[in-house]
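Q: Let chain A serve as the given structure and place chain B on it in line with the hints.
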Amino acid sequence: MKAYEIHLAKIREYIAEKKRQGRQIREIDCDTEDEKLVYGLPVHVGPQGKSNIILKEDTFVELGNPSVASCAFVIWSDDLSCVEDGRVTLIGDDIQESEGKSLPFGQVIIVGGSELKEEHYLDLERTQYTSDQIEGYMLRSVPRRVWSRVSNEAACKGFSFETLGRALMSIFRGKHPLVQATEIVFVTSSKEDVNQLDGIAADVRKFSGELRKLVRQDDGTYECTEYSCETCDEKAVCDEIREWIILRRKKAAGTKEKTR
Amino acid sequence: MEEKYQAHRLLYELLKDVQEPPELRSIVDWTGRVLRAVDQGQPIVYNEFTFWCDSMIAMDIQPLSPEVWPAMLLAAVAAFPEMVDPNALASADNPILDTAVEAGIPPELCTAGRGIVGGLLTDFLPPPSMTVVPSYPCDNTRAIYQTVANLTGAPIYWLDCPYWMDEPEAMDYWVSQYKGLISFLEEHSGKKMDYDRLKEVVEESNRFVDYWLEGSELLRMKPLPQNGPFLATEVLLNLGLPIATEVVKARLDALKERIARGETAVPEEKVRVVWNYLPVLWDPGLFDWMAQEFGAVTPVAMGSWEHHEPVDTSTPESIIRGMARRALGAHMGRHGASSSDVWIEDTLHAFEQWQGDCIIVNGALGCKWVRGSYGYLRDICRQRGIPVMMFDADIADPRVVSQEEVHARIGEFLDTVMAR
Chain A
0 MKAYEIHLAK
10 IREYIAEKKR
20 QGRQIREIDC
30 DTEDEKLVYG
40 LPVHVGPQGK
50 SNIILKEDTF
60 VELGNPSVAS
70 CAFVIWSDDL
80 SCVEDGRVTL
90 IGDDIQESEG
100 KSLPFGQVII
110 VGGSELKEEH
120 YLDLERTQYT
130 SDQIEGYMLR
140 SVPRRVWSRV
150 SNEAACKGFS
160 FETLGRALMS
170 IFRGKHPLVQ
180 ATEIVFVTSS
190 KEDVNQLDGI
200 AADVRKFSGE
210 LRKLVRQDDG
220 TYECTEYSCE
230 TCDEKAVCDE
240 IREWIILRRK
250 KAAGTKEKTR
Chain B
0 MEEKYQAHRL
10 LYELLKDVQE
20 PPELRSIVDW
30 TGRVLRAVDQ
40 GQPIVYNEFT
50 FWCDSMIAMD
60 IQPLSPEVWP
70 AMLLAAVAAF
80 PEMVDPNALA
90 SADNPILDTA
100 VEAGIPPELC
110 TAGRGIVGGL
120 LTDFLPPPSM
130 TVVPSYPCDN
140 TRAIYQTVAN
150 LTGAPIYWLD
160 CPYWMDEPEA
170 MDYWVSQYKG
180 LISFLEEHSG
190 KKMDYDRLKE
200 VVEESNRFVD
210 YWLEGSELLR
220 MKPLPQNGPF
230 LATEVLLNLG
240 LPIATEVVKA
250 RLDALKERIA
260 RGETAVPEEK
270 VRVVWNYLPV
280 LWDPGLFDWM
290 AQEFGAVTPV
300 AMGSWEHHEP
310 VDTSTPESII
320 RGMARRALGA
330 HMGRHGASSS
340 DVWIEDTLHA
350 FEQWQGDCII
360 VNGALGCKWV
370 RGSYGYLRDI
380 CRQRGIPVMM
390 FDADIADPRV
400 VSQEEVHARI
410 GEFLDTVMAR
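In order, the protein sequence lines correspond to chains A and B. Quick note, the first sequence lines up with residues 0 to 259 if you use numbering that gives the first Met the number 0. Quick note, the second sequence lines up with residues 0 to 419 if you use numbering that gives the first Met the number 0.
Fair warning: there could be bad hints in the mix.
[As the list claims (entries may be wrong)] In silico DSSO-like pairs for lysine-lysine, Cα to Cα no more than 30 Å straight-line:
| hint | chain 1 | residue 1 | chain 2 | residue 2 |
| --- | --- | --- | --- | --- |
| 1 | A | Lys-35 | A | Lys-174 |
| 2 | A | Lys-174 | B | Lys-255 |
| 3 | A | Lys-190 | B | Lys-198 |
| 4 | B | Lys-269 | B | Lys-255 |
| 5 | A | Lys-156 | A | Lys-49 |
| 6 | B | Lys-248 | A | Lys-55 |
| 7 | A | Lys-9 | A | Lys-190 |
| 8 | B | Lys-3 | A | Lys-174 |
| 9 | A | Lys-9 | A | Lys-116 |
| 10 | B | Lys-248 | B | Lys-198 |
| 11 | B | Lys-367 | A | Lys-234 |
| 12 | A | Lys-234 | A | Lys-249 |
| 13 | B | Lys-198 | B | Lys-221 |
| 14 | B | Lys-269 | A | Lys-49 |
| 15 | A | Lys-100 | B | Lys-269 |
| 16 | A | Lys-55 | B | Lys-198 |
| 17 | A | Lys-250 | B | Lys-367 |
| 18 | A | Lys-49 | A | Lys-100 |
| 19 | A | Lys-190 | A | Lys-234 |
| 20 | B | Lys-367 | A | Lys-49 |
| 21 | A | Lys-55 | B | Lys-367 |
| 22 | A | Lys-234 | A | Lys-250 |
Simulated from the structure, these hints should not be mistaken for laboratory data. Just so we're clear, the structure is a prediction, and the values are computed from it rather than from any experiment.
Chain A extracted, bound-state conformation (with noise of 0.2 Å):
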């Protein structure tokens, strides 16, 4: 199976369906070569040399308010063809459309790379995450969440979520070498849209929390499948709670056996 096949699916059908929907959709096609995704923005993209500290009143528009709705995932492939290089889809508002707001959003990152596999999703996923690198956005200091403010300086320059989109793009090239196509997926429209794709991160999750060695059964306990029990060196602390687990259904059992 390629990674995250399905994941790839459903954003797919989710765009669509948004279309079917009637949503405003603007899809932009950028050059992927390294030096031109950042030629002609309007704001420095890389180490900021001074604070990058945004505060509310030099807000010109904030992205993914908690109470709002907030969104954002990274799904990668080792199969090119299923990443539209350079793309920027944005559903809904633009920055420059709204001044003030505080906009439900969603972010999705799509990655390919032929040589990358599983063991790189946690350093691509920790990568969207990476503060201080776009003049005039800011991500706020709140672990696993993408809540962004952008400021009136860089709105007045121009700031677009093309802006937003090309610069993630060169940054995630930047990082991480086995990359080579990016697009990203960016929902400002409703809550509920952003709401219904967080379905899709929680399966996203789900599949990265699978990464992490234990993998939730259907009885509600957790096998770990990754690693062999030989080598990895949770294998001691794994085998006393396997023993656990064995005197208590037994203990359980007992138990019912009696009342009955």
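A: Leaving out everything else, chain B in the frame of chain A:
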């Protein structure tokens, strides 16, 4: 009853009109409310130190986080350091902790927990009418609060937190625990939750969280404008009351004024320390000492940058769900609820966000679950070339490792490793 809690009564009388520092006002106000509840026979609910008090405030039930009760004394020490010499504490008796041990509480248990039992047995701590405890962060709290229930006879409500929150069913289960909390508070206080009042309180708490997050984020600036961390114990004391919001806003405004004047924490910032564990609470001057002696500033520590999420207040259901979700972000709570990678990831996140140069964590004797993760963190930091220092120092008992020794250890690290 009036003869009990004399230390707190005396300090309350001395400090009730003090306006600066703002955080002292908040703790003094809370202390006054607790003492009034005691004197008037009003219900008091213990909220364990990772559990925010807004639900109780909304029902006008006085929260008392027993781990924080000594904070009144520590806050007074921090505000008026000439009152107590931490070095003297190292050789002084501690009748509260010692009483707990003599009563049978193992000395290996967390000091905060021993302090609660000892506090009850020595009448230092007012007893609860009821207790609310989440299943996180650790075995220490689970053991101690069972003891509290046993000693006081007060009913106890456990919020059972799932280990993994990946599945939607896990969040639904957790939300049901929160709804059960409200039923519990209603049953044992004789009061009913007024959801209009809850909405007011939660909206006030949203304003608080907004200011707190901004204050915490401003400490990402380099050089640091003011030595941190930007703590907010109000979440346990009076979150949802205007005084809590006023206090955190006052601190934020003061910080912004410093930034506007171009002031920095130290003349020459040499090291930025990420301290993703509880500070050494009995030495409130430690971070300032590090800054003055070594130019080592502390922009962030555990408890200063929780999962600050505003709550959607459109419906009672969205409020409860939002509060439940926010509860999962509480300091230490989120780290103790699940696997060790949560704490490790948060530490690395803080290191990046607050532009750290090194990580320092102290290890309290009873805090086995965090200390068990220290080896992993050390290995990861080695891979990434992040200097890290781990040392023993209890969070609340200066007799375990003295201030002198704490200073010597930290000083050695900053003088050698960080001076390279």
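Q: State for each hint whether it applies.
A: For each hint, the structure was consulted:
| no. | hint | in the structure |
| --- | --- | --- |
| 1 | A/Lys-35 x A/Lys-174 | 17 Å, holds |
| 2 | A/Lys-174 x B/Lys-255 | 34 Å, violated |
| 3 | A/Lys-190 x B/Lys-198 | 20 Å, holds |
| 4 | B/Lys-269 x B/Lys-255 | 22 Å, holds |
| 5 | A/Lys-156 x A/Lys-49 | 18 Å, holds |
| 6 | B/Lys-248 x A/Lys-55 | 13 Å, holds |
| 7 | A/Lys-9 x A/Lys-190 | 19 Å, holds |
| 8 | B/Lys-3 x A/Lys-174 | 61 Å, violated |
| 9 | A/Lys-9 x A/Lys-116 | 21 Å, holds |
| 10 | B/Lys-248 x B/Lys-198 | 21 Å, holds |
| 11 | B/Lys-367 x A/Lys-234 | 20 Å, holds |
| 12 | A/Lys-234 x A/Lys-249 | 23 Å, holds |
| 13 | B/Lys-198 x B/Lys-221 | 38 Å, violated |
| 14 | B/Lys-269 x A/Lys-49 | 17 Å, holds |
| 15 | A/Lys-100 x B/Lys-269 | 39 Å, violated |
| 16 | A/Lys-55 x B/Lys-198 | 23 Å, holds |
| 17 | A/Lys-250 x B/Lys-367 | 29 Å, holds |
| 18 | A/Lys-49 x A/Lys-100 | 26 Å, holds |
| 19 | A/Lys-190 x A/Lys-234 | 44 Å, violated |
| 20 | B/Lys-367 x A/Lys-49 | 40 Å, violated |
| 21 | A/Lys-55 x B/Lys-367 | 40 Å, violated |
| 22 | A/Lys-234 x A/Lys-250 | 24 Å, holds |
Consistency with the previously given hints fails for numbers 2, 8, 13, 15, 19, 20 and 21, ordered from lowest to highest.
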